[in-house]
Each structure stands twice: as structure tokens, then as C-alpha cells.
Amino acid sequence: MSEIDEIICTVLSCEENELLESATADNIAGWDSLTHVILLSALEEEFSISFSEDEMVNNNSIGKIRQSVAVKSGK
Amino acid sequence: MKLSELTSTVSKHLAKQAPDVALSEIREFLRQSDPTLASLSRLNELVVRVTEKAKTASEMNIRRIAVLSGNQTSVFLIQSIRCHLAREGILAEFFEGGYNGISLEVFDPTSQFYTFKPDQVLIALSWRDINAPLAGKDSDEEAAQTVYDHVKTFRALWRRIHDHLGVPVIQHLFDHPPFALLGTAERNFPGSLRNIIDHLNQEVVKSAPAYVSLLDIDFLSAQIGLRNWNSEKDYVTTKLPFALRYLNDYAQLFTAMYRELIAKQRKCLVLDLDNTLWGGVVGDDGYEGVEIGPGSPKGEAHLAFCEYVKALKTRGIILAINSKNEVEVASRVFKYREEMPLQLEDFSAIVCNWQDKPGNIRLIAKELNIGLNSIVFVDDNPSECEFVRHELPEVFTVELPDEPSKFANHLDQLRLFDTQKLTASDKNRTASYQALNRAKEDMENAGNLEDFLSSLEMKSFVTQAGPEHLDRMVQMELRTNQFNVTTRRYRSDQIEEILRQANAYWLVFKLIDRYADHGVVSTLLAFQEEDTLRIDSWLMSCRVFSRTLEQYSLNRLLGIAQSTGVRKIIGEYVETERNMPVENLYPKLGFQPQGSDKRWWEFEISESMKPLETFVQK
Chain U
1 MSEIDEIICT VLSCEENELL ESATADNIAG WDSLTHVILL SALEEEFSIS
51 FSEDEMVNNN SIGKIRQSVA VKSGK
Chain P
1 MKLSELTSTV SKHLAKQAPD VALSEIREFL RQSDPTLASL SRLNELVVRV
51 TEKAKTASEM NIRRIAVLSG NQTSVFLIQS IRCHLAREGI LAEFFEGGYN
101 GISLEVFDPT SQFYTFKPDQ VLIALSWRDI NAPLAGKDSD EEAAQTVYDH
151 VKTFRALWRR IHDHLGVPVI QHLFDHPPFA LLGTAERNFP GSLRNIIDHL
201 NQEVVKSAPA YVSLLDIDFL SAQIGLRNWN SEKDYVTTKL PFALRYLNDY
251 AQLFTAMYRE LIAKQRKCLV LDLDNTLWGG VVGDDGYEGV EIGPGSPKGE
301 AHLAFCEYVK ALKTRGIILA INSKNEVEVA SRVFKYREEM PLQLEDFSAI
351 VCNWQDKPGN IRLIAKELNI GLNSIVFVDD NPSECEFVRH ELPEVFTVEL
401 PDEPSKFANH LDQLRLFDTQ KLTASDKNRT ASYQALNRAK EDMENAGNLE
451 DFLSSLEMKS FVTQAGPEHL DRMVQMELRT NQFNVTTRRY RSDQIEEILR
501 QANAYWLVFK LIDRYADHGV VSTLLAFQEE DTLRIDSWLM SCRVFSRTLE
551 QYSLNRLLGI AQSTGVRKII GEYVETERNM PVENLYPKLG FQPQGSDKRW
601 WEFEISESMK PLETFVQK
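Sequence lines, in order, name chains U and P.
Count the first sequence with the numbering used here and you get residues 1 to 75, in order.
Count the second sequence with the numbering used here and you get residues 1 to 618, in order.
Simulated from the structure, these hints should not be mistaken for laboratory data.
The C-beta atom is built at its ideal place from N, Cα and C for all residues, glycine as well.
Some hints here could point you the wrong way.
[What the hints assert, rightly or not] Only part of the chain U face toward chain P is listed, based on derived beta-carbon distances under 10 Å: (1) Thr10; (2) Asn27; (3) Thr35; (4) Ser52.
[Stated by the list, open to error] Far from chain P, some chain U residues (derived; all Cβ distances over 12 Å): (5) Glu6; (6) Asn17; (7) Glu21; (8) Ser22; (9) Ala23; (10) Thr24; (11) Gly74; (12) Lys75.
[Unchecked claim] Here are the simulated EDC-like cross-link-like pairs (lysine to aspartate or glutamate), alpha carbons at most 20 Å apart as the crow flies: (13) P:Lys233 x U:Asp26; (14) P:Lys239 x U:Glu53; (15) P:Lys2 x U:Glu53; (16) P:Lys239 x U:Glu55; (17) P:Lys233 x U:Glu46; (18) P:Lys233 x U:Asp54; (19) P:Lys233 x U:Glu55; (20) P:Lys239 x U:Glu3; (21) P:Lys588 x P:Glu613; (22) P:Lys239 x U:Glu16; (23) P:Lys233 x U:Glu21; (24) P:Lys239 x U:Asp32; (25) P:Lys239 x U:Glu6.
Model the full assembly from the supplied sequences, consistent with the hints where possible.
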């Protein structure tokens, strides 16, 4: 599992096979407004990156989150 | 261990109805590292599950903490505090008050806050709760009024919580925003937000009654730096009043305070020597070769650490040495290196030998007559630290970082010795413990106990307790575990209440001997109930056990009894894990058992009786 996915699974309390590109808070039970903020903040911390307020809101699917982290961290 | 492994281990133990084992696994995990943002909610959930199970499947004590919030949400504070308390072996259930709902919860007697029945209340505030705009107030008068209004509200809140629940309150002091609109002018102008905050903090400190403890997030935020501490983004996304990544620092500060409130405060620092207090190994390098003091950065760094340790001693922390060394060789550094700020007299116990360190710590605990859980052990050697952690989990073991320049900060950040108030006894404590050790040596030389006790030339001053004793009484209630016959742990408000009762005699004993003024070392509370005096609480500092102060105290109580026509004195013993030393106190003093369970004892007073023999004089 990639480092990003591992963090996602930890914070959202879900399994790797739930991490579809299109998955959002509607498909993953542990994904609510609280864990959403924690997830993005944890990714900021782990990858030494920073999301803007807009990005905090708009990174609302697994695909967008993976892509945003990859672009910002160069990984 | 990985988080997923911890999760399955904990589940396994919970399925076996063993929440205590599950908790120790979590403690071990948390000792390796603080929760990260990624792991926080998982860990929180694990601790919640353990707590739920502990309620039904164990006799563990579960604390109840209510968190009332100003303009902030407390969910993350609670998660982090829950994990940090679990690391200390403390389980708690939490009540999360609504956003900006402090007054609503407190002034409505039917609110869920009261239904929850907390045993501890946390009032979480930040600078955003101050009723003043960023630009401050226009005039001095308005600024003063703002401060006054806030303090008035707090007093009303505290009083109300106190009257309804009688539980201790922890409240934040105010932190500062990261702005300085006009720079230095903000200091010049009394109405500036900066000055209002400083003034308000001072007033809150002055007005807080003994049952309110203040959590100094103002200082914490300054340590971290205001620009780091304040994160506008985290506030707008989470309504947490400070940056998420400082949750661990915050929870650590809270835990330090909570530990003091539930009487788990640390009071003794046990130190290694080589590469801890000085650089190098004195056995190899000689006293003249070890690095301490100016001359090298490393020497200066060790000097700074020794000065920090010395300052702790001045604040009443007991120091002890636990080192693999020859005592003669190690002593030379203290005696002959002028740069060394610590002196041998600063240490209440010195153990230099080649025995294992856990055994030595046991020895120190015994010599100083203190519990292992009040000891902090500091060493630079990871394997020694691991050994002590393994053998003595009650001791808090601090493994020093690689560079000596980081030692003082590292120790300080753990907030192990935090306390709300200093009493005069704190400052004299080391002298008193040293006197105790000198006295012990004399006892070995004197040969017989009577000669020894009479050579101490002990004098005691007894008075009825008054407001001037309150701080010390509260401290004794919190800290006295061994000589504590009923362990009622009266809080300051309860003490004040009892002192107002006409039938209460609360005696406070000071002790002076030829070695030291020990200050207030004992308190005895008795209630007159018709023709009996019932001893409800009796505490004595472990420094002065078995010196016949017990007999002296009872004589004083007999004096009261005879002058008020009381016929008998009732003693009560409530067994705890720690108060074995007083198990036979009452029979030794001549009390007769009432019933078979060791709890109630009776002392008949006759007119012809003589006082008990004691070596303590008036």
C-alpha cells in the first residue's frame, strides 16, 4: 500500500479495497467532516505540504486527494 | 508495533474481558511515540473501547471530565487528552459542551452538563473569547471595564459549578493573537488587546479560588511561538483555537495539571552522573577531565543543565544520584570543580555503586520514604532507561536526547513537576530530607532509639487550622499516601467548609528539631459528636513518622477531650494500597478494636490517665 493510502485508511478507518478513485464521503463510512479535516491535515504533516482553504474543501474524493498530494509533494 | 497490530491486540484482550491488559498495550504504544494527526482518531477510538469495557469488566476507576468551550470546538482536545491520560494509565469519560455554550451549560441546572456529573471540569478558552475587538478598547476605562466584566463572569461560573458539583475546575489562561497592529505602540496603549489580555490573565490568577487551577496556554503558546501556535486555517476549518499539530503539547500540559489534581505528582528527580550532569566519564577522565562549565560548548551545555536541575531543587524538588561509579571518585567533581553549580548537599540521597539501577532506585525510594510513582529518573543511556522502564513502570523514566544542550528543554517539556502553588514547605524540603538522612546516621551511631529520639531535641507547635494553612493543607491532602488513616483527600473548598463547623477541631502540627525546621508536617481532624471525639482524618509527612509525634498529637487531642468533657476518642482506619504504615497505629497508641475489621477503634478517657510518652516537646 502506498504511504498516502495507508494514511487514508488509518484516518478514515477503512480497507484498501474501498479506496476507489471516485470514492467520496458518501461511499466510505468513516469519512465525515471531522475526519476529512484530520485526513488533509495529517497529509500536510506527513508530506510537508500545505493545502489552501479551497483545496481543503475541494479535495473531496480519493482520486483528487491522491492527485493533489502527488503534485504538491512531487511523489 | 504498528497501529493495525495494536488494534488487533487490543481487540483480542477486550474479547478476553481484560481491559487492563489492553490498556497497558496502549500505554506501551504511546510511550514509543505521541499520537500523530493520522493516528489520533484511531487511538482515541481504542481508548474509548477500553474505557467502555473497563466499566463493566473491571474495577478500574473511570474519571469523568466535562469540557466547556468558548468560541471553539473541543472534540480534538478531548481526543488528545484521552490518549495522553491513557498513557498515564488513567481512563476517563468526557462530556463535550456545545460551541460557545459555557454559560448556557453552567447556569441551567437541568443541563446535560449537570446530568453528566463530572468529577472535573475544563473551561477551554482562547483570545477569541475576549470581548474586545482586535483594535482593543478606546480608553483605559473601557479596557479596565472589559477585564472587570470577564473576571466577574468567571467568578460567577466558578461559584456556580462549585456550589452544584463541588468539583475542581481547570481553566485556560488567555493566549495572544499573532498580530501587533502598530508594533511597540501596542504596549504603550493600555486599551490594546495585548494589554487587555495580560491584565486579564493577572486578574484571573489573583481571583481564582483554590478549587480553580489555571492552565497556562499563554506561556505554552509563547514557547511554541505565536505564529506557529495560531493557525487561522486550522481555526476556520476545525474551530480549534490553535494549530492542530500542537495538540500533543497541549494535552501534555493538561495531563501534568490533572496528575497533580489527582495526587500523582512527581517530587523527586533521580539523576545519572557521567554524560548527564557532566560530559565524559569521571572514572576514566578524572574529575579534572570531565566537561562542565566554560571551555567547550559541551561543558557549557552540561553547566546549563546542572543549573536547571539546581533551580528545580530550589523549587522544592528532591534530588538524588543513581550512578555506576565509586562514590569517592564521583564526589570529587562536586568538591573540586568550581564550575559545578550543584553541591553534594543538594542531593538528598546519593547512591553510587555497581548494582543495577532499578534496585538503586528502590533503595532511594526507601531511604527517602517516598513512593516509586513520585520519582523521575533521568539517564543518557538508552539501555539503562529501558531496564528501569521495564522493572519499575511506576517511575517516570526520561531518556536524554543526544546533545546536552537539549537536556533542560527536553525535561522541561515533559511538565513533570508542574504545580499550581508553592508553599513554604516546598522550599525547605531538601533541607528537611537531608536532615532526615543525617538523623538516620546519628541513629545508627547512637545505638538505642530513646537516646536517638531525645538527641533530636524535637519541638512541635500546634494550632487550630486557619486560612493561612490552607495551601499546605491542600497539598498534604493531595500528597500524603502513607500516613493517611482515611485518605479522604479533602479539597480546599471542603476544608474551608469544615473549618466553619463549630464541632470540628483541625489541628496543624509544625515540627522543629536540631537539624531542620520541617514546617507543617501533620494535620489531625476530629469532630466532637456528643461525648466522643471522632478522628476523621490524620495525616503525617513520611519524613517524621515514628518519632513519637504520633503520641504527642494524641496527647494534644486528649487535652481537648478533657477540657470539653469528652469520654472517648474514636479512631477510624480505611485501608488503601499505600497506607499500610498506619494499619496498626491505633492499637499501638492504646486504642481498643471495635468489631473485627480493623476499621473502628476506641480510646476510653479516664480522669487519672497520664499522657503518652513522647520525645516531642511543646
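These are the hints, each one checked on the structure:
1. Thr10: holds, 5 Å
2. Asn27: With Cβ-Cβ at 19 Å, over 10 Å, it is violated.
3. Thr35: Where the cut-off is 10 Å and the nearest Cβ of chain P is about 6 Å from threonine 35 of chain U, the hint holds.
4. Ser52: With a minimum Cβ separation of about 8 Å from chain P (threshold 10 Å), the hint on serine 52 of chain U holds.
5. Glu6: Violated, since 8 Å does not exceed 12 Å.
6. Asn17: Fine: 15 Å to the nearest Cβ keeps asparagine 17 of chain U off the interface.
7. Glu21: holds, 21 Å
8. Ser22: holds, 23 Å
9. Ala23: holds, 18 Å
10. Thr24: holds, 18 Å
11. Gly74: holds, 20 Å
12. Lys75: holds, 16 Å
13. P:Lys233 x U:Asp26: violated, 25 Å
14. P:Lys239 x U:Glu53: The hint holds at about 13 Å.
15. P:Lys2 x U:Glu53: Given that 20 Å is the threshold and the Cα spacing comes to 32 Å, the pair is violated.
16. P:Lys239 x U:Glu55: Roughly 17 Å separates the two Cα atoms, so the pair holds.
17. P:Lys233 x U:Glu46: Roughly 17 Å separates the two Cα atoms, so the pair holds.
18. P:Lys233 x U:Asp54: holds, 11 Å
19. P:Lys233 x U:Glu55: holds, 11 Å
20. P:Lys239 x U:Glu3: Roughly 28 Å between the alpha carbons, so the hint for lysine 239 of chain P and glutamate 3 of chain U is violated.
21. P:Lys588 x P:Glu613: holds, 12 Å
22. P:Lys239 x U:Glu16: violated, 30 Å
23. P:Lys233 x U:Glu21: Between lysine 233 of chain P and glutamate 21 of chain U the Cα gap is close to 27 Å, so the pair fails against 20 Å, i.e. violated.
24. P:Lys239 x U:Asp32: holds, 16 Å
25. P:Lys239 x U:Glu6: violated, 26 Å
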